Amino acid sequence: MQPKRLGETYVTLKNEMKFCVLALLAPFLIQAQNLKEFEKKVTEFTLPNGLHFIVTERHDAPVVSFNTYVKAGSLNDPAGQTGLAHMFEHMAFKGTPSIGSKNWAEERKALDDVEQTYARLEEERRKDLLADSKKIDSLESLLKSGVEKANMYVEPNAYPRIIEENGGVGLNAGTGLEATNYYYNFPANKIELWFLLESQRFLNPVFREFYKEREVVREERRMRVESNPQGKLMEALLGTAFIAHPYRVGPGGWASDIENLRVSEAEKFYKTYYTPGNITVGIAGDVKPSEVKRLAEKYFSQLPARPRPPEVTTVEPPQEGSKRVEVESPSQPLIFIGYKRPDQYDKDDPVFDVITMILTSGRTSVLYKDMVRDKKLSLAAVSAPTFPGGKYPDLFLFYLAPAIGKSIEENEKEFYAVLEKFKTEKVDDATLARVKTKARASLIHQLDSNSGLASLLNTYHVSYGDWRKLFTALDEVNKVTAADVQRVAQKYFVANGRTVAVTASPKRQGGAQ
Amino acid sequence: VKTRFVLPLVLASAAFAQPARPARPAPAMPSYKDLKYPPLGKIEIPEVQRVTLPNGMKLYLLEDHELPTVGGLALVRTGNLFDPPDKVGLATATGMVMRTGGTRAEAGDVLDEKLENIAASVEASIGESSGRVSFSALKENTDEVLAIFHDVLTSPEFRQEKLDLAKVELRSSISRRNDDADGIADREFEAIVYGRNNPYGWVEQFEHLDRIRRDDLVAFYKRYFFPSNIMLAVYGDFSAPEMKAKIEKLFAGWNYHQEPVPAFPAVTAKPAAGIYTAVKDDVTQTFFTMGHLGGTLKDQDYSALQVMADILGGGFPSRLFQRVRTKLGYAYEISANWNAKFDHPGTFEISGSTKSLSTTDTFLAIKEEIARIRSSEVSDQELQTAKDTVENGFVFNFDTRSKALSRVLTYEYYGYPKDFIFQYRKAIAAVTKADILRVAKQYLRPEDMAIIAVGRPKDFAKPLDTLGKVTNIDLSIPEPKSEPVKADAGSLEKGKELLQRVQQVLGGADNLAGVKDLMQVADVQIDPSMGGLKLKQTNRWLAPGLFRQEVEAPFGKLASFTNGSSGWVKGPQGDGALVGPMLKQAQSEIFRSYFHLLTSDRDSNRTVSYGGPGVLDITDKSGNAVRLFVDESTGMPQKTSYSGPQGAIEEIWSDLRDVGGMKAPFRITITQGGRKFADVTIQDYKVNTGATEAELSKRQ
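Those protein sequence lines, which keep their order, are chains A and B. Here the first sequence is numbered in my numbering, starting from 1 and rising by one per residue. Here the second sequence is numbered in my numbering, starting from 1001 and rising by one per residue.
None of these hints come from the bench; they were simulated from the model. There may be inaccurate statements among the hints.
Non-contacting residues of chain A with respect to chain B, defined by C-beta distances greater than 10 Å in every case (computed) [as the list claims (entries may be wrong)]: (1) H52; (2) S101; (3) K102; (4) L142.
Coverage of chain A stretches by chain B, computed from C-beta distances (three or more under 8 Å per stretch; other residues unrestricted) [as the list claims (entries may be wrong)]: (5) 185-197; (6) 223-233; (7) 325-331; (8) 354-365; (9) 408-420; (10) 445-451.
All values reported here derive from a predicted model rather than from experimental measurement. Here a beta-carbon is modelled for each residue, glycine too, at the ideal position from N, C-alpha and C.
Sequences are here, hints too, so could you generate the full structure?
Now the structure itself:
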């Protein structure tokens, strides 16, 4: 009976890093015979409407993990509607016409009334200086009572309640920049319930309690970004590093955009992006593939095939000069340093993964030894090979937390010195061998949970077109040489591609002590 | 590639620019209510093998052949509940350095390389009421990793350099502890509910860490780490009989014994009802935790309390989630927990966060929900949902084999029956609505609630004092008190010895003591993060205790003088007497004046003692205190540290050059409260110029 948290959106830095470590495992993997063994457990099929399923059998315990991967995230938020992908994710827990309503016919009518009133209110507000404030007041109060009326028909949280009382655990969802994931686990005898509930929420979503949930989404942004020194600094980093590409806005969106989101916009987003061809389902655990296929056809065939959603077309222009941004914060100092890098399909992608491990993975890593252990300048020195996304050119990110009494200036100075040395001296064979071994082991450790498998195979399928890439990418990585590492470091760790975000003490007045 | 997407985008927009919610035929699908479920497959509970080794260590083995890995955990009866009151953090530091400090045979850095080369790990830590040393390895490296695990457990060396590193980490954590508003609410809640004067509620401080020495770690380790105080669990891809033989052989030579470890201290807390606020200005939400002392898992009513708390604030359907989040839209996070502990009373707590504006209204809504669950029975559906959630999700207690092992270990460690989880399941099924009302009335005590709110009270729409008296929590982090190690004869002797070496390196004790007056002219560059001012500063000192300072700043000139007991200050805003913190600061300047500080052993009012490797503690009878850090291999001084009005100050000395046949630093970097404050470049030192009191005290 742990407290459950709905709509885990953008991960904190820590999780973000974890995710990147996950992505970086792509590269190193187990040998071909391991893949052959593993393939026996995996069944894939695609419904005529385009919805793809990846099923991994694991019969150790009568439990199953489900992961629905929608290839749409906050990158797809329309201009002026940032936070919309996240908003829809929250709505996906509100139920359907038959789940969550005391009287759907009446509720539907009430919801339509709310929208009509809201439309009239917006129309009046758009008159700007000529708007009639009395009319606005009365429409606002009409809107309020309309919302209250619609809420009378709601059976609150019925959808998640059904899941939990049937033994569903780990119920949650997350909106990222490039994807939105919905996941939980069921006892193995309840799989049909998952098929029913999951297909219904994406076939017949109901946008009930939208305007209250909008406030919850707004609270989530307050909690994760506005009240968190790392969150604020990350927002500044992205907004500085990217000027055109939607990576410039975090998944939380902007406060004022969230406060003005409308049902019609969420509906349009849903129809555009929640198309069967844009969704992959990962299932892992005690299941029979034939049974999964039968249920998939029964429940998910109803989703009508629809056109492929548009892709992001904005290309970030080349960065011409280093950038720096300061965020005033009374907290202890924090530093983000990002270097522009190509997307995850670039041939050097595995090289970046090797570099991140050499520089910051474990107590033997270059930055840990120099900055944390020996010089005691930093409390933490970590990196992520691709941030915040991967699908489009983004950043190789470093994060430094100065140790007590050590300044941002001292940390940066040493960091650049270490990086320069890394660029000029070739990495030794023992280090290269070590990072490859570590990666192989981490992958093995990750194959031991249903939820990990369901999500991992989905991610690789969507990102690279085949979950097998999880295993086959090892070959690419094994080909990474010390010369590659040096070449890539020299090419991309350059001042022109750099963006630095640091905290700064609120300015004080007065002189010396 | 770009243009390819233009057309679909336009089409898509057009296609969806139609009225919302087109009529859709209701799909002919079964309702979830009509689904029939097959019985759940059999849950297999693996048998854990359990033996006691001849040396008294208990061994638990569980095979798991799914992946080619082996892992292990030594659970040790110890914990930071055993920290001495003046060294809070000792257990934590012991756990950290036990692994990083290496073994008798190998340094920690060597272990790092060896383990990471084979993608293995050995880690140690000590928490509230247990110590843990664990390992993880690929099957093929089992023996090599076991050998290191054995050495870390039985012969850790606690090398000083890693204690130093651990202290940097722990001190850094203290300095960062007010950066996370959520963390503040949790910490202060524990401190208030359990009381700040005992192991359940006390908070680690700089002064505690300053007192911790390597000897303390070694003694702590020796007291608690002995075979009969350890439960060792090993799981993974091995054969149990072979593993048993292997472990038995490996630990055969370890026959060290100690008195049995006493029980953990009892909780002695008294109710600490009240509303407490901690002001944190850089947040837009109030992070709160409220509640009071709770109970243990052994309590008769534990199951009913769990169901009650779940209905109040457990999952999505819970009352607080529905009221505060779904209906009011006030919070993203809101939950209630009956947070029972195995061996001591835990807490009942409600926590979450809401925008500053709605703080008081959120608290009111929570209070109403507590009152409601105490005044009338829950509904049948609420009870059924809570029970079904436990019953139907029960299989997840057995979804991995290793959970069976951790359960055996935990129950034995805390003295619970082996089948506790099945007893719990049965008890949950038997809970009635009347039980829930009864336990809510008996165990939820609104009059004892402590409410901790962290945020910006000035932004609250309704002030919190409409709910009752509000007490402010002081979040400032205390600097170490100047009470260096008790100056016993040994440390005095050692301290004098070290200071004399420093004197020798700097030009000889007699020369240094011969300086009777000093004038120092310096450029001060305040760090950009602190305002970035440039100042010119002249300090003059005349033995034994006169001090004058002149500062030229962009906003004007400032002069001050003190004789140690009084003085004056003159600046752009007028003249005044030197009093309060400014006087204290001036007294500290006198105390720290370079040549006098270095010859403190010749001043009968001062005490010089050895404060650990490379540390000299210099104090006087009026409470002044400075730590002088020395490179013991060369005798060169490196920096001083002392407390200032804005936090601990460090002055890092560099560029030591000749001053009349002696050496003095021409560059000083000052940090304050852990942040860089200023760079000082000394242009000139003038010694023995024949300065007079009249010169120094002249107002101009």
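- prompt: Failing hints, ascending?
  reply: none
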